[in-house]
Amino acid sequence: MNAMNGLTQLHFSDLWHVMAPEMILVIGGFLILVLDLFMSKESSRRLSPQLGILFLIAAFVLTIRNFGIVADNAAAGGDMINLSNMLYVLDDFGNVFKLLFTAGTAVVLLMSIDFFKHNLEVKVAEYTYLMLFATVGAMVMASALDLITLFVGLELLSISSYVLVAMRRNHAKSTEGAMKYLVIGSVASAMALYGMSFLYGVTGQTNLAMGASTMLQLWDQFKPVLVLGFLLMLVGFGVKVALVPFHQWAPDTYEGAGNPVTSFLAVVSKAAGFALILRVFLWGFSRVFGDIYIYLVILAALTMVIGNVAALTQKNIKRLLAYSSVAQAGYLLIPLATLGKGSSIDNIWLSLGQTVFYLVAYLFMTMGAFAVLTVVTRQAGNETLEAFRGLWRRSPFLAVSMAVFTLSMAGMPLTAGFVGKFYIFLGTINTEMYWLGGLLFATSAIAFYYYFGVLKAIFLKDSSVETHEKIQVPASIGVTIAIGLIGTIVLGVYPDAMMKLLNGLHWFGQ
Amino acid sequence: MVQNAWLIPLFPLVAYLLLFVLGRRAQEGIVTGISVLAALAGFIVSLLILSDVNANGAQAPYVFHWLTVGQHSLSMGYEVTPLNAMMLTVVTFISTLVLLFSKGYMHGDERYSVFYQYLNLFIFSMLGLVISPNLLQVYMFWELVGLCSFLLVGFWYFKPEAAAAAKKAFIVTRIGDVGLFIGIVLIYVATGTFEYSGVFEAFQAKKFAIDWITPDHLITLIGILVFIGAIGKSAQFPLHTWLPDAMEGPTPVSALIHAATMVAAGVYLVARAFPIFEASPDTLTVIGIIGGITAIFAALIGLTQNDIKRVVAYSTVSQLGYMVMALGVSAYTASTFHLMTHAFFKALLFLASGSVIHAIHHNQDLRKMGGLWKKLPLTGWTFLVGALALSGIPPFAGFWSKDEILLGAYNSGHYVLFTLALIAAFCTAFYIFRVFFMTFTGEFRGEKDVYDHAHESGPVMAIPLVLLSIMAIVVGFLNSPLMNNAFEHFLFKGGEEIGNVYEANWGMAGLATLVALLGIGLAYLMYKKQSIKPENLANGALRPLYQLSLNKFYVDELYHYVIVKPVVWIGHILNFIDKWIVDGIVHLFGEGTLIGSLGLKYSQNGQVQTYGLVTLVGAVLLIGFAMYAVGGVK
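If you read the protein sequences in the order shown, they are chains Z and Y.
Using the numbering used here, the letters of the first sequence correspond one by one to residues 1 to 510.
Using the numbering used here, the letters of the second sequence correspond one by one to residues 1001 to 1634.
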């Protein structure tokens, strides 16, 4: 094998061994694409999402299988399972994120079934296979170790997402959102690629595993160039996960996209962005973290403060959730930033655990909130806070669910959101970055204010509401909400099982 | 059966949630039905558990892992010991009756359903506290109990006295809670665990992770801090002042607070965590003295009060003093036994007083009662049973348990405490029969109209009274030589004996009975035969003493001038600083935040060019800062 070449002959069995979930989704996507040509329009509309969910479940199961493979390999003391000289790897870091992506996308498709019924202009088969391809892109972002492959994954996710946002063709806001996302997203991609080129220029490697040691040797000599490369990548990735000040596309795009697509962007796409950030920065920069963590701290602080403050005056509920999702990105950046004060291997595992725990909690509460939002705003005919007024009388189930989700986002004890935030907070205490932990708490306090606005609208008696019509909840939406509720409360009341699971992972294959 | 103990607190919790969902407009019958059924189900499960424990003894707690943070791990769970099996049974039994009784008492109240919600939550909290296997969980439920009592005492919040009483109850018990909290934190720091078993082991081994204090002193310090919590909750001197005021709540609440929940929590905690206190003789002495003082102090105040509920309230304080004193002299069995018997006859006395108050249009002033025996025969009989039990006349329940406490105090050599307790017993018998004679005998001293309309209030109020009367008569036999001290054998089933146990002493029993009879006799002479005029005593030679007792030894006034007033003054000063300085800063932040938010809104102008520009400027600033920092740009 020629290490410099990086390309070796691959057999199908090797591929299947390492990337079975990705492959099954690609197969599924193409199958839906082909079937659509042969089926009647009605049956395609009906079957495509169901097929999509089926393939996602298959990918989910195959990912679970992969945990076993990684554990066996680690027990046997083998090297990291990889393809083509560490171009693509199989480890629990990737596996955890793949579970998150497949589960998240499956729930999005479940919500979409109802979305299709009310948006007849959306082409269901296209929508479905684009979702699957976007998920594959996300998976690549979590599992590749080569900058070029990572970038391809990023683009696969991004381009699919641009189209998904634009799917409601008769909707001016949808087109507008997609266009803005495309323009800013392209700027981001360009910056990230530019940053990567600096890394390649200095180390002569696109592979993170190979390049990291070279970079460590050359760090002092080429510090400005390498930091520049790091920052450009950070900006590029920062746009994807909507860090302030690279977040401005988010509210417009979130507002324009259909609710399931918005929740996909908020959960799956954002989680993929964090997978990419963690993968690149942990593999490439973990030993020089002391020099670069300050930029992460600055962005985390800015994002928490501005995301939460901007949410205060929002009247549109989707924009409110968009800003809240911006703020969450700030919280999520903290575990990585704390590594600057000590990037021992234990701290890295702890940070990964914190990030993933919060992402899982975030998945449940955000999916649930968007599902509630879908039904409520449709009935009210608008997307403002007014739509939630007196919800308690119209549908106690939706009201209580929404209360649980918003309280969880705000960080109320006994919900998943609290445990997640608390876990991250402990990380800041652990590394003695007290003021960052303090800021986390202070901005959460601001968050309580606007979430209470939602709660107030839901529960307060108000005679000005004309409609007391009961709200009917479609089955697929009801199931989504139930999943969100169960997840939010179980993780909030009994987080230990999940933390134990995370602590037992072989994050990077060892 | 023991593994199902978690069901017991679950029932009232479910009832609470159901009522909450049904809302305040739910029908009274349904509300009561749900609540009583839930409490009854809890009672039945408690009985099953009681028989299981009786057969198999104490079992290991059921603990599940809750949260691991770094090296610290917290767990939650439940446990069943003979002591808490007894408590569960008593609490659920009395709760069932109180819930039933409230149907009559609260009938027609606008917030009927809310009242039941609070009651259910209250019962849930108390049951949760009782089955907690660790101190952290105890503390959570402890606070919840406090919160519920606040809500219930202030239930009629539109009455200023009720609102003030609720506030007082909350604040005064909070003082105790601070002690408890510090105590628990110290325990955790010193032993690394919250679990009773682990803490007890550490206390026995005297191995602690704290080195700034010797182990013996630490044990005393922790014991006293935890005991301060019990002082607040169980209304011991000097934090007893909230309990009599808490009478402002509806009477069923008083019955619950005084008999089964709230105040019992303090004594229960000291009993459950007894090894912590037992490890330090100094702590025990403090506990004994505080208990003794409370017992005599409250009994003296009870002599002169004119509000029927207040007298009963001071009798609770006094009886709690007995229990605490008993623990202080290591008469563990006597104390827990008195906790149980007292629960029954005190609930009985309260519900009977409630029945009286209800019958004469919510009047509580003894001076406007009298001659009600003919009108309220059932209430009269049951009150008499309660009064006899409280006075300690054989064979009623209070006789057996109080006798054991006196015996424990005497045999442990604390003769001063013994004497105090004996005098308190005399006062107890006197004041409760003073109430009895003033209420049920003689002429009615209120308006004639009210008297004519007075009548018994139907089965929902009568059944609890009768059931409690039966219990107040029979429950004392459980630990009598006649039943071979069954309670004591039950209490130590499957575990070690705790504290001292003494053989029954008939001489002591005779002495206690004699003292009680003297008290009753004096009350009879003064308030029935009127051969000694009470007014003559009050205005004659004993006037200063009378005033002292009537005004509750001026403790409230003392607190008002020594603590409340200065604090209020400090408050005024702080308020000034707060209003003009802190508020200004806060306003600055608040306004600033809002203005900032608006500003952000305008920068979000919908132009994608702006977004691109902001992104770029952000990137450039970041890179510029970085280049300056790493020295790339000179």
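No wet-lab data here; the hints were simulated from the structure.
Be aware that one or more of the hints could be misleading.
So these bits of chain Y aren't anywhere near chain Z, every CB distance computed over 12 Å [to be verified]:
1) Leu1010
2) Leu1040
3) His1065
4) Ser1073
5) Phe1181
6) Tyr1188
7) Thr1241
8) Thr1285
9) Asn1505
10) Gly1612
11) Gly1624
Now the in silico label distances, taken between C-beta atoms and shown as ranges [stated by the list, open to error]:
12) Z/Leu15 <-> Y/Leu1074: 25 to 31 Å
13) Y/Ala1163 <-> Z/Asn170: 56 to 62 Å
14) Y/Ile1175 <-> Z/Trp349: 42 to 48 Å
15) Y/Phe1625 <-> Z/Asn170: 28 to 34 Å
16) Z/Ala75 <-> Y/His1065: 21 to 27 Å
A partial selection of chain Z residues facing chain Y, derived with a Cβ cut-off under 10 Å [unchecked claim]:
17) Ile57
18) Phe60
19) Val61
20) Leu62
21) Ile64
22) Phe67
23) Gly68
24) Asp72
25) Lys223
26) Leu231
27) Pro245
28) Gly290
29) Val305
30) Ile446
31) Phe448
32) Pro495
Built from N, CA and C at the ideal position, the CB exists for glycine as well.
Hint-by-hint comparison with the structure:
1. Leu1010: The claim holds: Y/Leu1010 sits with its nearest Cβ about 14 Å from chain Z, beyond 12 Å.
2. Leu1040: Since the minimum Cβ distance to chain Z is about 28 Å, Y/Leu1040 lies beyond 12 Å and the statement holds.
3. His1065: It is violated; Y/His1065 is separated from chain Z by about 5 Å at its closest Cβ, not greater than 12 Å.
4. Ser1073: 8 Å, violated
5. Phe1181: For Y/Phe1181, whose nearest Cβ neighbour in chain Z is about 17 Å away, the distance exceeds 12 Å, so it holds.
6. Tyr1188: Check passes; 17 Å lies beyond 12 Å.
7. Thr1241: Consistent with the label, Y/Thr1241 stays out of reach of chain Z, its closest Cβ about 33 Å off (over 12 Å).
8. Thr1285: 40 Å, holds
9. Asn1505: Correct as stated: the minimum Cβ-Cβ distance to chain Z is 53 Å, above 12 Å.
10. Gly1612: 6 Å, violated
11. Gly1624: 10 Å, violated
12. Z/Leu15 <-> Y/Leu1074: 25 to 31 Å: 46 Å, violated
13. Y/Ala1163 <-> Z/Asn170: 56 to 62 Å: 60 Å, holds
14. Y/Ile1175 <-> Z/Trp349: 42 to 48 Å: Roughly 44 Å apart at Cβ, these two residues keep to the hinted range, so it holds.
15. Y/Phe1625 <-> Z/Asn170: 28 to 34 Å: Since Y/Phe1625 and Z/Asn170 have Cβ atoms about 45 Å apart, the given range 28 to 34 Å is violated.
16. Z/Ala75 <-> Y/His1065: 21 to 27 Å: Since Z/Ala75 and Y/His1065 have Cβ atoms about 25 Å apart, the given range 21 to 27 Å holds.
17. Ile57: 30 Å, violated
18. Phe60: 27 Å, violated
19. Val61: Not OK, violated: Z/Val61 not within 10 Å of chain Y, min 28 Å.
20. Leu62: 30 Å, violated
21. Ile64: At 24 Å from the nearest chain Y Cβ, Z/Ile64 fails the 10 Å test, so the hint is violated.
22. Phe67: 21 Å, violated
23. Gly68: 24 Å, violated
24. Asp72: 26 Å, violated
25. Lys223: 5 Å, holds
26. Leu231: Hint on Z/Leu231: holds, closest Cβ of chain Y at ~5 Å, below 10 Å.
27. Pro245: Because about 4 Å separates Z/Pro245 from the closest Cβ in chain Y, which is inside the 10 Å limit, the hint holds.
28. Gly290: 12 Å, violated
29. Val305: 9 Å, holds
30. Ile446: 7 Å, holds
31. Phe448: With a closest approach of 13 Å, the Z/Phe448 hint is violated.
32. Pro495: Constraint on Z/Pro495 satisfied, holds at 6 Å.
Violated hints, in rising order: 3, 4, 10, 11, 12, 15, 17, 18, 19, 20, 21, 22, 23, 24, 28, 31; the structure is consistent with all others.
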